[in-house]
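Novice: Heads up: the sequence shown at position 62 corresponds to 64 in my numbering, and the numbers run straight through without jumps.
Everything labelled a hint here was simulated from the structure, so no lab data went into it. Ideal Cβ placement from N, Cα and C applies to all residues, glycine included. Please note that the accuracy of each hint is not assured.
[What the hints assert, rightly or not] What follows is a list of derived Cβ distance ranges for each label pair:
#	residue 1	residue 2	range
1	PRO73	ALA10	29 to 39 Å
2	ILE54	ARG12	16 to 26 Å
3	ARG12	GLY74	44 to 54 Å
4	GLU40	ARG8	11 to 21 Å
5	ARG51	GLY11	35 to 45 Å
6	PRO9	ILE54	12 to 22 Å
7	ARG12	ARG51	19 to 29 Å
8	VAL16	ALA67	20 to 30 Å
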Amino acid sequence: MTAPPRPAGRAAVVTPTPVGERAGRLGLPILAPSRLREPAFVDRLAALRPEIGILADYGKLLPPAILALPPGAS
Numbered sequence: 003m004t005a006p007p008r009p010a011g012r013a014a015v016v017t018p019t020p021v022g023e024r025a026g027r028l029g030l031p032i033l034a035p036s037r038l039r040e041p042a043f044v045d046r047l048a049a050l051r052p053e054i055g056i057l058a059d060y061g062k063l064l065p066p067a068i069l070a071l072p073p074g075a076s
């Protein structure tokens with residue numbers, strides 16, 4: 003999960019975050035929601051059944067719906 007790609011530089015070329023770029027090169031799934039509170043995004047994240055979440059300099063507050071997801075629920 004990373005912030006969505008944004009325009010960068012003089013040409014305003016839409017550029018992914020470094021995390022998104024690296025995850026893409028590694029073939030990892032990338033979630034880049036524009037809004038964390040959208041039910042569709044929370045459902046998609048829950049469907050992945052993550053066992054752990056690591057937050058590093060994301061720049062947004064995680065909503066209670068995401069924090070309440072059970073770890074690795076099946």
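Novice: It remains to establish, for every hint, whether it holds in the given structure.
Specialist: Outcome of the hint check:
Range check, PRO73 to ALA10: about 35 Å between beta-carbon atoms, so the 29 to 39 Å window is met. A C-beta distance of roughly 40 Å is found between ILE54 and ARG12, which places it outside the suggested range of 16 to 26 Å. Checking the proposed 44 to 54 Å range against ARG12 and GLY74 shows it holds: the Cβ atoms sit about 45 Å from each other. For the pair GLU40 and ARG8, the beta carbons lie near 18 Å from each other, so the given range of 11 to 21 Å is met.
Checking the proposed 35 to 45 Å range against ARG51 and GLY11 shows it holds: the Cβ atoms sit about 38 Å from each other. Checked against the given bound of 12 to 22 Å, the beta carbons of PRO9 and ILE54, roughly 32 Å apart, lie outside it. The hinted range of 19 to 29 Å is not satisfied by ARG12 and ARG51, whose Cβ atoms lie roughly 42 Å apart. At about 28 Å, the beta-carbon gap between VAL16 and ALA67 stays in the expected band of 20 to 30 Å.
The earlier numbered hints that this structure contradicts are 2, 6 and 7.
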